[in-house]
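**Q** Sequence order for the protein chains is V, C, F, W, L and Z. Going from the first sequence to our numbering is simple: count from 1 and add 8. Going from the second sequence to our numbering is simple: count from 1 and add 8. Going from the third sequence to our numbering is simple: count from 1 and add 8. Going from the fourth sequence to our numbering is simple: count from 1 and add 8. Going from the fifth sequence to our numbering is simple: count from 1 and add 8. Going from the sixth sequence to our numbering is simple: count from 1 and add 8.
Derived from the structure by calculation, the hints contain no laboratory data. Treat each hint with caution, since some may be false.
Treat identical chains as interchangeable: a pair holds within one or across any two.
Claimed, not checked - As a list, the in silico EDC-like pairs of lysine to aspartate or glutamate whose alpha-carbon atoms are at most 20 Å apart: (1) K301 <-> D258; (2) K14 <-> D100; (3) K179 <-> E102; (4) K301 <-> E289; (5) K301 <-> E104; (6) K14 <-> E217; (7) K14 <-> E101; (8) K215 <-> D255; (9) K179 <-> E24; (10) K301 <-> D229; (11) K274 <-> D247; (12) K215 <-> E97; (13) K211 <-> D180; (14) K301 <-> E249; (15) K270 <-> D229; (16) K179 <-> D229; (17) K301 <-> D231; (18) K211 <-> D247; (19) K301 <-> D100; (20) K14 <-> E204; (21) K14 <-> E24; (22) K179 <-> E204; (23) K264 <-> E101; (24) K14 <-> D229; (25) K63 <-> E204.
Protein chains: 6
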Amino acid sequence: MFAHNKRLQYSVHVSECNPALANLMLEQFGGPQGELAAAMRYFTQALAEDDPGRKDMLLDIATEELSHLEVIGSIVGMLNKGAKGQLAEAVDEEAELFRSLQGAGNSSHVTQVLYGGGPALTNSGGQLWTAGYIDSIGEPTADLRSNIAAEARAKIVYERLINVTADPGVKDALGFLMTREMSHQKSFEKALYAIEPNFPPGKNPGKPEFADLYANTSQGDGDMRGSWNSDDNFNFVSDREQLLAMDGGDGLATTKLSAKEKSTLKAMAKRTQSNPDLDPETGAELGMAGNGKPKPSKRPSPPSSSKRH
Amino acid sequence: MFAHNKRLQYSVHVSECNPALANLMLEQFGGPQGELAAAMRYFTQALAEDDPGRKDMLLDIATEELSHLEVIGSIVGMLNKGAKGQLAEAVDEEAELFRSLQGAGNSSHVTQVLYGGGPALTNSGGQLWTAGYIDSIGEPTADLRSNIAAEARAKIVYERLINVTADPGVKDALGFLMTREMSHQKSFEKALYAIEPNFPPGKNPGKPEFADLYANTSQGDGDMRGSWNSDDNFNFVSDREQLLAMDGGDGLATTKLSAKEKSTLKAMAKRTQSNPDLDPETGAELGMAGNGKPKPSKRPSPPSSSKRH
Amino acid sequence: MFAHNKRLQYSVHVSECNPALANLMLEQFGGPQGELAAAMRYFTQALAEDDPGRKDMLLDIATEELSHLEVIGSIVGMLNKGAKGQLAEAVDEEAELFRSLQGAGNSSHVTQVLYGGGPALTNSGGQLWTAGYIDSIGEPTADLRSNIAAEARAKIVYERLINVTADPGVKDALGFLMTREMSHQKSFEKALYAIEPNFPPGKNPGKPEFADLYANTSQGDGDMRGSWNSDDNFNFVSDREQLLAMDGGDGLATTKLSAKEKSTLKAMAKRTQSNPDLDPETGAELGMAGNGKPKPSKRPSPPSSSKRH
Amino acid sequence: MFAHNKRLQYSVHVSECNPALANLMLEQFGGPQGELAAAMRYFTQALAEDDPGRKDMLLDIATEELSHLEVIGSIVGMLNKGAKGQLAEAVDEEAELFRSLQGAGNSSHVTQVLYGGGPALTNSGGQLWTAGYIDSIGEPTADLRSNIAAEARAKIVYERLINVTADPGVKDALGFLMTREMSHQKSFEKALYAIEPNFPPGKNPGKPEFADLYANTSQGDGDMRGSWNSDDNFNFVSDREQLLAMDGGDGLATTKLSAKEKSTLKAMAKRTQSNPDLDPETGAELGMAGNGKPKPSKRPSPPSSSKRH
Amino acid sequence: MFAHNKRLQYSVHVSECNPALANLMLEQFGGPQGELAAAMRYFTQALAEDDPGRKDMLLDIATEELSHLEVIGSIVGMLNKGAKGQLAEAVDEEAELFRSLQGAGNSSHVTQVLYGGGPALTNSGGQLWTAGYIDSIGEPTADLRSNIAAEARAKIVYERLINVTADPGVKDALGFLMTREMSHQKSFEKALYAIEPNFPPGKNPGKPEFADLYANTSQGDGDMRGSWNSDDNFNFVSDREQLLAMDGGDGLATTKLSAKEKSTLKAMAKRTQSNPDLDPETGAELGMAGNGKPKPSKRPSPPSSSKRH
Amino acid sequence: MFAHNKRLQYSVHVSECNPALANLMLEQFGGPQGELAAAMRYFTQALAEDDPGRKDMLLDIATEELSHLEVIGSIVGMLNKGAKGQLAEAVDEEAELFRSLQGAGNSSHVTQVLYGGGPALTNSGGQLWTAGYIDSIGEPTADLRSNIAAEARAKIVYERLINVTADPGVKDALGFLMTREMSHQKSFEKALYAIEPNFPPGKNPGKPEFADLYANTSQGDGDMRGSWNSDDNFNFVSDREQLLAMDGGDGLATTKLSAKEKSTLKAMAKRTQSNPDLDPETGAELGMAGNGKPKPSKRPSPPSSSKRH
């Protein structure tokens, strides 16, 4: 069960209202690398987890991410606070309010008009948050790697936001949030490696003949070798013929069909064949030159008026 | 530039048509862990990459994932081949076709009716593919971790599909595709660790006082200690007061406001206050008991007919 | 700041695993009327709220909804627990696992294969949760009405789930969750009516001449009168001419154009005119009858083989 | 059946083209509180409605909302009319057109380039309209409350648009549209309260012991009492122990498992345990310091060139 | 302005309730080829159209499509009518209702539980309708082709639905709707060819040297020649070298950089290089074998209890 | 199987970095008319296609579209190259970086902050790519028409991008891409007309009595006649009575119900009737005037402090 205390995990003291900056901050509120995505990624994993250690850790971190959602949402709220009142009370002239919306910076008109300046579950461009951002699949050696990656991405987005924020209070809180992602990444790394073995993920060992193959499918000037495709680590194959039908078969897709399926497919094929022996006139050719014949004037009334019905 | 050869990277020989199995296979065609997501994740990274080694590797693997998209899509096409003809030519009675659609298994009616049995860019439940599945952010120490995690997830989904597939030809091709994900994971691991250092991701070192903190935010029976939150590795904090306002401040969110912003906000607050000193009657209370008074019968005609206009 | 206790707000004791029922339960986990939508609706409002009473109430209820998300997610986890192990460990034959996936009921194959049986942020049909479900707009007389409506809808969906659930433990927990929605609705009603006046919402009083008009735009057999369109309460207008251009104007859409805009538009109009004086042959007509002429046999080789390149 | 008259329900006379203002107006064309959402909310309800009075009212209002969609869409079309011709005919220099796109205000480049200046079913930020905006669930005491709330929200968004619009013709038409939302809200209120009783929504009365409970889950400085949580109206509970496991049980989630389910889960648990007794080295630690050993120089050629393949 | 008459454009007389068939019918209510998509495609074009003939035609057909939306939605409502009452009044036992939901066919549980059996703006698989289905771009020679194609697709989906529908009343109404799509296609064809010329679409004639080129990018067994790539109609190029850098240039992507941009990029490249001269140990290798050292037993208490905090 | 060569199909030489222009270019990378949508439209058709000629053509063009995706993505990458380094290395002051993000033009902040300047699978407004853009349905006479229309739309969007691009290198590459769309359209036209007959699409001939009907559903000033609704080509019906219930029936929607269904529906109707004979007080009326009575002062402490809990 969750409980809440009205004090934040980190104080937010904003120097002045700035709706354009508020909009940028939405990236970590309702964006793909943001705090709701983080909280829900770990929370959904925790609910399905049977391992007591991981379950506890996932709940700890999910709960903290909710507190971070509150911090970043409070930053948005503070940066928008002045503009919110101006628009709701409409004490200024319309043209001035319009200019302030447009001049406030990219997209802030959306959050002002639609959300009244409140923090919205969108990214900084207005894209609605979607559960497609969450990649939990219920297997710990995969999910922990997803979590490690998610924390790394979130760290980078915070770093970028810090790089463009001049307000010291906002910058300070962003620094806290960014650092916590680093700490979470470390916990997830520990939990992953405490599963032995954890590679390959899952239970099925795969087909050994393809496990160390490196397929050099992009060729031409720019080919490089390194540990990721070196002969020490991989069977490096450049010959494209070798890469075709690697099962040694015909490289075709086939299926067995019943007699009825066969005859139906044959009927369909016949009905819908694009006949290679024809050179038909097409709509494009019709469209290239005027083909319309003037309409026979069945009606005695002058064309211009007869068209009006 | 891309080129294509009509032979597949792995032969697909399906034993019999099976639209329900076809639908499951869509998970790796147009699902979040599927081959289009993989190909586009690496391809978008490659286009923005300046490091020649990584660029080459990303193009190699992106290109191979497109070939995998072709293999899994061909499996779908073969499994649906018979049903496609039956529906298009409609040689059976409607009721029989309806039963075959419904009996074919979950959701196969969608792909039959809407996509005519062709492989659709949806997951196995019909959810349209979205670029929200792609988490490239243009920083290699984050993106390579995302790629490692993505390959791990894809490996697991293939393993699950193998576990429920009895058709030997489909199972064989799935085994190939699964194994290749393991190989790709290894390449991405090598490329990540060939960046020194790669942790923390990015350039900003963070605030040291929060980097090793573990916040025990979920408490109660079930708390566990392990390397992910051990005293050896973390500063483990359970005291909730300590976790509030960790900057040592007031834990509030504030912003500086101009005089005009202040007065406008005050006007808005006054206009929209929920007054705690009142105990108003509400819509719910109105709704709990009949409050409607019979309408004054202005019209002499009997009510039942007078309502018809 | 949020804190968490590992005990649930309401105990969940499931009688037996049932993946098909688990899937239905997702409706209130990741569906539009579900607990995440509720929690986020109130939480985003709370962050932007300046009125202390409403802010406190919104935080109280948002926090409780998170606890409800945990309860309903735990129900999903328990109902799927057995199936999760079966698929991951794959101790059964493929065909049997396939049958159990398909037989388990509608769509449970998606959550099994994709999410490994964990609770997913989708509705019961697999549709990904989207922030489009959240309708907070930052004005209390509108938002509180939205909250009242949202609680009413959630109450109904729980009622429907209860009606189809035979498992007594699940039914009991659903009954608790349903009742809490009723309680929340009452709080939101009180808070709305504690704003005086709260109708019309917002500050702008509107154009009085249109405020009590009822437009009888759907006519024919089935027209009815009641308090919602009665002469006592409304100015009921059935005459369609009266409903056209209610400003008393021409009912047209016009704009002033600069000379340059005018001339450019004229050029565009001329270039793209669909000429009413022509009766052109079209692609459809071409398509109705064979029009393809056999291709001149430039190549001496027989057509069937010459087509292969 | 629908019929259409080419005159608008309200005349639209725009003073001058203004693509940035056009974009703002899209909020009520293809945004969540816009006219398509309104029309479809009521229309889908009407089709499923068996009560003759409500069915008639829903059809009346749905039809009027379609006419409003036409009015707001015509505003967009008029505001974009000049820009549309300029871009299509390209009589200006590229750099000038580029500047006009960028300078025209936020996001208008999207509607210009992608939609050619026509009204698009997006909100003012370009987010595609989605049926997730529609919350009809087929129960009148819930749906009518949803409709009341939707009208309230739409009224507010129109008010905000009016506040930022200086063009008198646009302002006038927006005022009409806003006022009609107020009138619709009144009709929906009447229809709701003409159902007796209408609270609680639906048929199931809920569990009385939880119906008047107020859970004070957010505590700390800022707690407030008012009619929404007063002792007169609610059983106000602050003690967190009391809020845990309110059924009086253990607060756990459990399920009964068959012997086979148990043994499979045990096998999975063992395979995937994060062992708390280990302190493993992790990828993050590898990444903190250089760990790469120089590759053994198997090839005599100098490294820099040998890497080129 | 729109008006409505309560009689349908085509009578709907359903033989018996059938929720599974209702769900299939949603494909043309809220699916991509459905009537809402059709109505909105033409309506958005009409609003931006300046050509009087096309504007009139688009309004005629858009209005008719709304009437079709009503017909298909009424079919859904009738097919679900019985199930709706059963679920709302819950006169049956839960287990029986559960079975009827599951047995009713794929996905009907979603529409029952979430939408109460009303017609939902989803496709037959529950995917929410999105404005991404609408491809209007505001250029008539493109939009009319889009409309022609959309009518062709809608015709096919109706044909498929007819093929699986045994209910004579439903089949009859579907036949009407299907036929109307054919008629609309003919109108759009006429309007397209009444623009002279209409190919290529738009104003810019393109680069002549690439206009008749056919790039044989997919090779291998299965290459075919026909009018779509014949020497008569195209310059057929198979040589892959010829297809690279068709401008005759270097085939590279380059940009000019300022000195500052250059130095910053150099710094970034250095910081993030994947060094090809190293063969680092990776996380995958750590994960392949146990690497965790037992934790030093700082605490004397037995491990099992010491882990509980 | 796909192969890749690192040289582009067309060289990209950008004159200077320009993030705002980069963002516009995204329209054809991840937008609805962009190259990914094109490639996937043809590729999914190819996989399901049995006709050898069409399959070959679809693979040829799909493969070329992937190469175009690479070209347009490389343009984006080059235009963003300088900005990417500036943000990642953060050598400038925050305020300056913020201004450059905002000044760079609409929405470029999103791609900078979220994607690090890499090409993202979004349109130029940040909308995530969705498979809803792809309209393949597996019937060649429909799919080829869809392809013809898609090429026409893509041609127009390229034309618009060319019209606003002053950079000669970008303009040149765009011209190539645009021209290729024209060429593809011609191939699709040939393949369509090589199917004889191809109209009406599919197999079912429709109901002849409705095939040539033109329904004049939009009336009033502005009605026009042309070949698309002429008496020569259509049976033009303006009489609205004639357009109602065109089957000659009652225009109603009905279904047969079992006795149990009937009684349940009756119970539901009674429970949820909006009674037309009542004129109830509503929430709106409560909200219009103050109705709250002061709360009884149970507590002796002064109200202002007693509210704090």
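**Q** Quick one: which hint numbers does this structure break? Sort them smallest to largest.
**A** 1, 2, 5, 6, 7, 10, 11, 14, 15, 16, 17, 18, 19, 20, 21, 22 and 23
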